[in-house]
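J.: With the hints as constraints, model all of the structure from the sequences given.
Protein chains: 2
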Amino acid sequence: MVKIGVVGGGQLARMMIPAAINLGVDIAVFSEVEGSSAKLATSHVGDYTNLDELSEFSTDVDVLTFDHEHVPLGLLNALVERGVNVSPPPSALALVQNKIVMRKALTALGLPQPRWAEVTTESELLSAVDSIGGFPCIAKLPVGGYDGKGVRVVAGAGDVTDWLTEGPVLLEEKVGFRRELSQLGARNSSGEWVAWPVVETRQAHGVCSDVIAPAPSLSVTQMANAVAIGEQIAEQVGVIGVLAVELFENAEGQLLVNELAMRPHNSGHVFTELSVTSQFEQHLRSVSNMPLGSTALIAETGIMVNLFGGVDADLSAKVWTKYPEAKIHSYQKQPRSGRKAGHVVVVGLEWVELLETGIAVRDILSERDYDG
Amino acid sequence: MVKIGVVGGGQLARMMIPAAINLGVDIAVFSEVEGSSAKLATSHVGDYTNLDELSEFSTDVDVLTFDHEHVPLGLLNALVERGVNVSPPPSALALVQNKIVMRKALTALGLPQPRWAEVTTESELLSAVDSIGGFPCIAKLPVGGYDGKGVRVVAGAGDVTDWLTEGPVLLEEKVGFRRELSQLGARNSSGEWVAWPVVETRQAHGVCSDVIAPAPSLSVTQMANAVAIGEQIAEQVGVIGVLAVELFENAEGQLLVNELAMRPHNSGHVFTELSVTSQFEQHLRSVSNMPLGSTALIAETGIMVNLFGGVDADLSAKVWTKYPEAKIHSYQKQPRSGRKAGHVVVVGLEWVELLETGIAVRDILSERDYDG
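One line per chain: the protein sequences are A and B, in this order. Those letters in the first sequence? Residues 1 to 372, by this note's numbering. Those letters in the second sequence? Residues 1 to 372, by this note's numbering.
Derived by calculation from the structure, the hints in this document are not laboratory data.
If chains are identical, the list can't say which one is meant, so a pair holds when it fits in one copy or spans any two.
Below, simulated PhoX-like cross-link-like pairs (lysine-lysine); rule was C-alpha separation at most 20 Å, straight line:
| no. | residue 1 | residue 2 |
| --- | --- | --- |
| 1 | Lys140 | Lys174 |
| 2 | Lys104 | Lys174 |
| 3 | Lys3 | Lys39 |
| 4 | Lys3 | Lys333 |
| 5 | Lys104 | Lys140 |
| 6 | Lys149 | Lys174 |
| 7 | Lys340 | Lys149 |
| 8 | Lys39 | Lys340 |
| 9 | Lys333 | Lys39 |
No experiment lies behind these values; they were computed from the predicted model shown.
T.: As structure tokens, then:
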């Protein structure tokens, strides 16, 4: 019996548990805290930056995978040296741990992306900005950013002075994009690659708010292009597991790579209900080198909306009385204003109607205020 | 946060775990053995006929429900007296614990069923058999039978002599049925009732082998009739949770009640993939008195085939290479010849093709022999 170890006890690890049960594989979670979202499968609570703890946890599993990308690369390499099957491999994870490493790798692959530059000193800044099209541009901390944190719009020379004292900063062209897309797929260690149709993602305050799947009004060429970008990255970088490629569709309809993730991703939650195989199941299949499942869609279209703050039981009941088709997922997190607390998926025929339903559901669930 | 306690660690408890995770409720399982199918949620291993153990387990949960019907009725009543929320209530469970109690209750409700008689002595036998249409007829032990066990075809007076020394025996008319059906639905304690479309079940050696959903070639009247039978039983008996009504369709197309179950049922596994709401999720919603989920179908039709013996990982890989759309569920039981070890669901447009796929999948998984 395969046993999969997951580092991180957040909602992604949580949602791997149903997939493990359905597949008939064992799962164990290394969580940072007691009572995490993934508490049901948690076998160890500890510090994921401690090699000995991670090593001890790994002795009991066949493969080690992740719910986040925060385990230091040196530590991952040390685990590999100790014989742990780390999937995706550290050489692939290097790209999602450092955005400068990612930009360099994508450049080497010749993939379309925003113009970018690395700066380490204030004196390099102006020529670097000039090389990517001038102000305003985007500055990113290469390490540790997520959900809009560690990202800034830069309007003038002094805007990244504080960051430069800490280390190199990534500058990117501010792309005039029509919208954002996300291409998800998975690759197993036999090299099999299977993709889902590209989705449209909508953000609010720098955080993913809504997803429409498949992305409406894309040409077949664009769809195939998105899949090809995902496949090229997965193969060339040696990804094992789910790969999410966040894309900009620019004003000319060209797709540019924005960000990568090598794990199940918020933009893929919709496939739990919409596709024969969820991203969580596909991730577990990939890292344990099973053949990948069908990514055929079960309905014409589906939408996902994120829920913030908390997911109140009484308000959920109110939702279901009106929308029994709404699949509300609660992550069982301690409620906190603005926190991703769950999501809702609705599938059917027309995305416009489904999204209206999803937003109506979120409005009902937002009647309770978690600011206090 | 609602916490649901489940007595029994079999595959039904196992499959409630993903539903609990998706709904965002806590779940704890009282299992008979270490390493059961539901081990991931098991918080207590013990004896379900021990009142104190059950009582202790119940103090930590908001509602107590079941993966089987073997907890003695007296014990369930004692738990209720101690303030435990037992769902379904013992008054309803009485019908599934004793087939004679069930026949009497269905007679009182005026529901269509095979002619039946209760016999306690050899001397009553011939007149009882006469009253239900003569030999051959069916004899059933009122308590403890399942999957064809405790059921006999009776051809002559001496055929139940041994059983009569143990207690009363239920005799039933041997119905000349076209096929067997199963009507599933759920009722919560607010009295809300939601049904799935009736399914066709096919048996081999007295055990459910295949399910086709919805049952093909039924008239709308028959479908509505099946739902009405389920609803009448659920309401009049006060079922809380999933109710499965096993039905015979006789030569005239009339539906007769064969058996009942008040928990998720093998014939409903297909709805995990086929319906917006699985029977496991619906059961948890019912017993915790949430509004019930939509039972709309996601595809035109679906089939389920049971897997016996074991579910070999290499053979599963072989299946997926050919049929990536097959959803194989392994219950992670110790392999044993003839044991229900898992099931496969395929959904799509034409049940004949889907069933061919399902049977082909089972054939591949049967290449390994668990007799040894």
